[in-house]
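> Protein chains in written order, with the numbering used here: chain Y, 13 to 284; chain G, 330 to 721; chain S, 695 to 913.
If you're looking for bench data, these hints aren't it; they were derived computationally from the structure.
Watch out, some of these pointers could steer you wrong.
[Claimed, not checked] No more than 20 Å apart at the CA atoms, straight line, and that leaves these computed lysine to aspartate or glutamate pairs for EDC-like:
| no. | chain 1 | residue 1 | chain 2 | residue 2 |
| --- | --- | --- | --- | --- |
| 1 | Y | Lys273 | S | Asp703 |
| 2 | S | Lys861 | S | Asp849 |
| 3 | S | Lys803 | S | Glu788 |
| 4 | G | Lys586 | Y | Asp277 |
| 5 | G | Lys599 | Y | Glu115 |
| 6 | G | Lys642 | G | Glu484 |
| 7 | G | Lys487 | Y | Asp45 |
| 8 | G | Lys487 | Y | Asp90 |
| 9 | G | Lys488 | Y | Asp45 |
| 10 | Y | Lys93 | G | Glu590 |
| 11 | S | Lys700 | Y | Asp277 |
| 12 | G | Lys599 | Y | Glu259 |
| 13 | Y | Lys273 | S | Asp792 |
| 14 | Y | Lys273 | S | Asp838 |
| 15 | G | Lys487 | Y | Glu259 |
| 16 | G | Lys586 | Y | Asp87 |
| 17 | S | Lys799 | S | Glu737 |
| 18 | G | Lys582 | Y | Glu259 |
| 19 | Y | Lys150 | Y | Asp175 |
| 20 | G | Lys599 | Y | Asp90 |
| 21 | Y | Lys93 | Y | Glu256 |
| 22 | G | Lys599 | Y | Glu256 |
| 23 | G | Lys586 | Y | Asp90 |
| 24 | S | Lys754 | S | Glu737 |
| 25 | G | Lys644 | G | Asp401 |
| 26 | S | Lys825 | S | Glu725 |
| 27 | Y | Lys132 | G | Glu590 |
| 28 | G | Lys599 | Y | Glu206 |
| 29 | Y | Lys273 | S | Glu908 |
| 30 | G | Lys488 | Y | Asp87 |
| 31 | Y | Lys273 | Y | Glu259 |
| 32 | S | Lys729 | S | Asp792 |
| 33 | Y | Lys126 | G | Glu590 |
| 34 | G | Lys599 | Y | Glu112 |
| 35 | G | Lys488 | Y | Asp90 |
| 36 | S | Lys710 | S | Glu839 |
| 37 | G | Lys582 | Y | Asp90 |
| 38 | Y | Lys150 | Y | Asp172 |
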Amino acid sequence: MTETSVTTDPAAAPSVASNEPIIAIDDLSFSYDLGKTNTLRNISLEIPAGKVTAFIGPSGCGKSTLLRCLNRMNDLVDTAKVTTGRISILGQDINAPDVEAIELRKHVGMVFQKYNPFPKSIYENVAYGLRVQGIKNKGILDQAVEESLQKAALWGEVKDRLDSSALGLSGGQQQRLCIARTIAVKPRIVLMDEPCSALDPIATARIEELIAELQEDFTIVIVTHNMQQATRVSDRTAFFYLGELIEYDETQIIFGNPSIKQTEDYVSGRFG
Amino acid sequence: MPEKSSATDARSVQNPFRSLSSKQKVRDGIATGVFAFFTYFILACVVLILGKITYDGAPVIFQSEAPFVNTDFFSKSPMTLHEFYNEDGEMIRLDKDDFDAYKKANPDAVIRDEHTFSYAGGGILGPLVGTAMLVLFCMVAALFIGISAAIYLNEYAKKGRVVNAIRLAIMNLAGVPSIVFGLFGFAFFCFSPIFPVFTGNPDWEKSLLTIPLWPSDGYLSFQGWGNSVIAGAATLAVMVLPVIIAACEESLKAVPKGFREASLALGATKWQCIRTAVLPYATPGILTASILGITRVAGETAPIMFTAAVASKGKLPWQDTEGSGLYWVSNVLTQKVEALPYHIYTVSGKLPANEALDDMRYGSVFVFLLLVIGFAMISVVLRSRFRKKLKW
Amino acid sequence: MAHILKNYDDDLSALKDSVVEMGTQALAAMEKAIKGLSTNDVELCYDVIDEDERIDQQEKKIDEQGMSILLRFNPVASDLRHVLSSINICRSLERIGDHAVNIAKRARKILKAGELEEVRLIDPLVLEARKIVSGALTAFSDVDEQLAHKVIEMDRAVDKIHKALSKSLSNKISGGAQPTESLLNVIFISRSLERIGDLAVNIAEDIVFITSAEDIRHT
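Let the hints inform the model, and build the full structure from the sequences given.
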């Protein structure tokens, strides 16, 4: 085994052929109680690179659970277990014994439902991911902070107060800061777990606009309760119900003419 | 009755918001009165205690001329008070050192009817220093151990029965009477020969293992700490640990899960996550809780009675030591100390009541009370300040 | 299956009812105009012209209902197609109404000019036009994709009859049959009926879009 390099340059990461999916989930079953009951059952889907993929479904359908499987955030739960199947990201089985979750998470970033900047300065929030990788060079950090804030469409609003507390920002700004913090480590994939559920419509629109822009550099997987949001931001949509993947297709099709009745009932707001 | 009820019925039609019946009013009044009485009863107790001690103690500490504070009370250790009549029949009270100086300066002075009162003279410097040392060493040890344990329980250990059992055991420790901690400390820290000291002349009988430390002429001797400030501090630390651990766990739990998740999602290791995204935000809570712990530790008498405290000691711990370097440190730490609560116990409980002792009694208690209230206030102020500052 | 929001269901079915009602009005207008012609009843023709206002108002009402549903419930999938198609269908129905007015106007002129034997010639076309329009309306109210396809098929017969009719009438005119103007008006009525057939086809295509999400126009 070679030493893992500290820098996370996307170019350095193994690249995938353009037609190959960046995430391939194959017959995945997942349990929160050591396999007694499966929260996710036999999920198979392939997520294309450079696209926005939305996971929709009623509460408790497993969409957030699946999202958290993708960067192994479920490792935090002692009794969580992948019971069958595998998840390959960039061609590598991420649950293989020689995969380090910490390294995986540098390639697969995550933005959370409740914006959660650290009670530090704006600058330190964005630099956090690089600092934990041991980067101390002020020049590199400065550049990364500016770049990430630019990309997160926040630079103009905060460039004069990088040293003030992140908690002084508005909710929408805090969430964009969290996005900046996530993309500062240059992940290949950005997972978003209901990123707008705590935001007002204007802030939501800003984030959605940002997602459209980030799509150029990152593969985005977004969990959302807001179906209009899924139609607005995503290229492909997966509909989950009771831990199973019901339908996965182009967003246009899922919301225009889904082939499975359950999907149609859910997206058009009928009794399920 | 039927007449009355029909009357009330009629009234109820007229006014749906009519006042309560007189019976209900009386009951309501009685209930209010009982609850209020007991509340004000407690308040009265507090006022009585504080009033009495302040009334008798404040004059000992404060004085009307500059520097307004009785500096002797804080710069001298307890000593014997000499009372006598001089040739003019005036009654004079002098601390032992002043008395010796007086006799030296006036070798032929007339001293009649001399009385001595133990502990009534001097000040409380020794007990203050002793208590400060005990609290300091105790808190250093308790915080280090307590925070480590709390982090392990809250962040690392797998949730389940084992952790709950450990937690329960720790919480049970909080219910153990302090005298039991005293006896435990006495048996464990003072005498079990697993605790080492650096010394020039080891106690060969007690020592389990004595290692000569060449080229100095001293030894590292595993002979127990004996009755000493470090044994007392360790005993107090064990006693306060449950409080510290509970407070630390609470503070750790109060740090939003989002911080941990965000940190880990950015590729931090568990320890990096705890160090940079959890502990900084738990520290204020831990500190405020620790300060409350200090007031508890500072006030305990029983655990130090057997392990550390001595009623009277001529010099401060570091004035009475031999050796240098490690030997000096070891020597300081293995000395007995005077301690404020034990001093109060001695002058109030062990010695016969005596008008000459009153100043020392009330003065000591007053100072002690001020200290405890002071720490409690600091804790309250810190808590409210952090609460305002750190909102997430 | 019903929507969780009862209001949503109510509004969708109200929209459908409005479209069906408008369809009935348009069909009735067409039949009335034809009846006026065949029974020499000028009054009926005037009625058709007057009543077209009602059909126009109904179109506006459907537009409002459709817009309100889009606005309030953000319909997706089949609901969205239903609303979009309903709005499209009411356009077609409005034009069927306009053609009924055209027929009525032509009929009035023919009646003014005196009885004309050749009026009988359009009867088969009227029969087909009535069949195709009512077929389209039934297909809409029953959401019947098969019937919709049948309606599209029926249009061929309409076209064929219209072509033959206008050819024979043109021949009569060039052969010197009188009065030319009335004969021309019969040709115009025939053309209107043919156009009504095309509009019924548009409606049928919209119904296919509702049920299968396929856009079969211009294919």
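> Output the numbers, in ascending order, of every earlier hint that fails for this structure.
3, 4, 6, 12, 13, 15, 18, 22, 24 and 28
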